[in-house]
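Colleague: Required output: the full structure, derived from the provided sequences and hints.
Chains as they are written, first to last, in the numbering used here: chain A, 1 to 337; chain B, 338 to 653.
Calculated from the structure, these hints are not laboratory results.
Each hint should be verified, as a subset may be incorrect.
[Unchecked claim] Straight-line alpha carbon distances no greater than 25 Å define the calculated DSS-like cross-link-like pairs of lysine-lysine that follow:
no., chain 1, residue 1, chain 2, residue 2
1, A, Lys170, A, Lys46
2, B, Lys375, B, Lys640
3, A, Lys46, A, Lys310
4, A, Lys191, B, Lys625
5, A, Lys325, B, Lys375
6, A, Lys325, B, Lys640
7, B, Lys407, B, Lys375
8, A, Lys44, B, Lys543
9, A, Lys46, A, Lys191
10, B, Lys375, B, Lys463
11, A, Lys123, A, Lys92
12, A, Lys170, A, Lys202
13, B, Lys464, B, Lys511
14, A, Lys60, B, Lys625
Each chain, letter by letter, is given below.
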Amino acid sequence: MAAVIRLVNRSPLSSAMGQQYLALSSTAKVQAAGVRAGQALPEKVKIVEVGPRDGLQNEKTIVPTETKIHLIDMLSVSGLPVIEATSFVSPKWVPQMADQVEVMKGICRQPGVSYPVLTPNLKGFQAAVKAGASEVAIFGAASELFSKKNINCSVDESLQRFDEVMKAAKEAGVPVRGYVSCVLGCPYEGKVAPEKVAHVAKSLYSMGCYEISLGDTIGVGTPGSMSEMLEAVSREVPVNALAVHCHDTYGQALANILVALQMGISVVDSSVAGLGGCPYAQGASGNVATEDVVYMLHGLGIQTGVDLSKLMDAGAFICRSLNRKTNSKVSQATCKL
Amino acid sequence: MLNATVSEFNMLTITGHEYPEFVKIVEVGPRDGLQNEKEIVPTGVKIQLIDMLSGTGLHVIEATSFVSSKWVPQMADHTEVLRGIQRAPHVQYPVLTPNLQGFQDAVAAGATEVAVFGSASETFSKKNINCSIDESMLRFEEVINTAKEQQIPVRGYVSCALGCPHEGHIEPSKVAEVAKKLYEMGCYEISLGDTIGVGTPGSMFKMLQCVMKEVPADALAVHCHDTYGQALPNILTALQMGVCVVDSAVAGLGGCPYAQGSSGNVSTEDVLYMLHGMGIETGVNLAKVVEAGDFICNALCRKTNSKVAKARGRTL
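Modeller: Rendered as structure tokens:
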């Protein structure tokens, strides 16, 4: 098939929306589906399952260690290639992850599956490696205020802290994934400049992170702000080293993921059963549900390697354990038919 | 070998598409939404809901349905509702009219726009309105011809456009055939409904590609259900293909009769949030729609299905 690639004209457009109600929404008009010439939908998408870490971390109930291990083991046989297992952060700050060592040692690792863990500093990294971690992740923010409130230092200071982790990881041959939070808006600062996101992403990538996951931490993004941000970031970091981590707090996650795929992104973070609420919008949802993402991707003919029914089983298990309803619409719809 | 669906969808990506500058929202909460709610809603509440929606900037509010109250008890008060609402200037209040009798009652009650409901699935048509697709078209032809004489515009709906609860997969060509028939009979706009919400951007794309060979894009609308969480990406896909009319329901009113406990209509609030975030104009004030959503959810003693409304702390 001869691909006719037309360069798309972008004309500067006025943005007279006047939506005071949603101060955080982008008013950038995006013509032409935010597509750059030559980018096409990926044939395969790698799902990074963050339920056991990001999901459970935002659940109120402390989950027993065996439950966490069983959840990870169920996810391990669903075809997911990456399952974020736990976080080596101080239990003083995140009590949910206090059993980090037991979880790492207790899970049944499936060949071909990665089990990255968060390591906020060198101490956490060392503890993680000792517990058997073979991949780690570090976290930066695109918002100065968020960085200060979340980890008590500026963005640059946080990147410097990670220098130590990066060095140690390189020496140990341990790959490092970088996260950038608040990429489409900050609960304190409001709008976040795409250039700031690009700067932080580039720093993490230059430091040696093999992949940068761009997180819409409060779920305020839309296809408009997602395209704008990805345009800026992909000028600094190759698109095949980028992932999107969308929250569904405003129901926008799948639309945002679709636009990201159209811009060449092929790695998507999500959480089984949509585990994890939003600490900034009480009662609202947080992570996008893996089941709903997989449903969309398979409907597009995109391969993920994931068995949706096994995934739903894992979701049903953890929801029963947490005594809560799933946030996945696919799960809700399917079990009722 | 590139997967066929990805390869086709890539045509959308490669050739690029401009988003519409303006999208018309067709608010179906008071009819499609309430019709699928279990509780019978008092007439006064329906009227107040419509009046609140009339003040939000919405251009089209589907007010009620002139179907026999034997079949749809929720809509038994159709005449009182239509007579009781305060019509805002420049707002349309279409009503469903399944047959000539319904049409005549609607006009007698003051209707100035009507809608007819066809299906792309034979089984659904038989189970839903007790006749085949072709028989239903004959009924609608009567309505449309009479409406033409009285210069009353008619909107056409095609249900099961992306899947049927009985038949499963629906051929895009069948959707195109039914849409074309309704358009040629005289419907000014055809709303393509993903009745059970099973569609994805992949199936939406294929269906629209087919339909657009028979009906111009500017005469099409999408009516997406969010039962599988796919409504917003499906709407996004439709916009990329040139559709600029979107049906939705305030607070995501209306469950899915085919997946008990699941959601149905996509929430108007969530659609507006997306469109405004993309710089697409709608003329609608989102905050006022949230207020209308709060009102009806309080009246129904239920939580909103809108994530935008929930995020702003509007749960009960």
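Colleague: Would you mind marking each hint as holding or not holding in the structure?
Modeller: Results for each hint:
Between lysine 170 of chain A and lysine 46 of chain A, the direct Cα distance comes to roughly 24 Å. Compliance with the 25 Å bound is thereby established for this hinted pair. At most 25 Å may separate the alpha-carbon atoms for a hinted pair to count; lysine 375 of chain B and lysine 640 of chain B meet this at roughly 14 Å. With a CA separation close to 17 Å, the supplied pair lysine 46 of chain A and lysine 310 of chain A stays within the 25 Å bound. A hinted pair counts as satisfied when its Cα atoms are at most 25 Å apart, and lysine 191 of chain A with lysine 625 of chain B qualifies at roughly 23 Å.
The suggested pairing of lysine 325 of chain A with lysine 375 of chain B holds, with an alpha-carbon distance near 21 Å, which does not exceed 25 Å. Restraint check for lysine 325 of chain A and lysine 640 of chain B: the C-alpha separation of about 14 Å stays at or below 25 Å, so the hint holds. A C-alpha spacing of about 15 Å is found between lysine 407 of chain B and lysine 375 of chain B, which places the hinted pair at or below 25 Å, so the restraint holds. Distance check on the hinted pair: lysine 44 of chain A and lysine 543 of chain B sit about 20 Å apart at the alpha-carbon level, within 25 Å; holds.
Only pairs whose Cα atoms come within 25 Å are accepted, and lysine 46 of chain A paired with lysine 191 of chain A is rejected, the gap being roughly 29 Å. Proposed proximity of lysine 375 of chain B and lysine 463 of chain B is supported: the alpha carbons are some 23 Å apart, at most 25 Å. With a CA separation close to 14 Å, the supplied pair lysine 123 of chain A and lysine 92 of chain A stays within the 25 Å bound. Our distance criterion of 25 Å between C-alpha atoms is met by lysine 170 of chain A and lysine 202 of chain A, whose separation comes to about 18 Å.
Taking the CA atoms of lysine 464 of chain B and lysine 511 of chain B, the gap is about 18 Å. The hint holds against a cut of 25 Å. Taking the CA atoms of lysine 60 of chain A and lysine 625 of chain B, the gap is about 33 Å. The hint is violated against a cut of 25 Å.
Consistency note: the structure conflicts with the earlier hints numbered 9 and 14.
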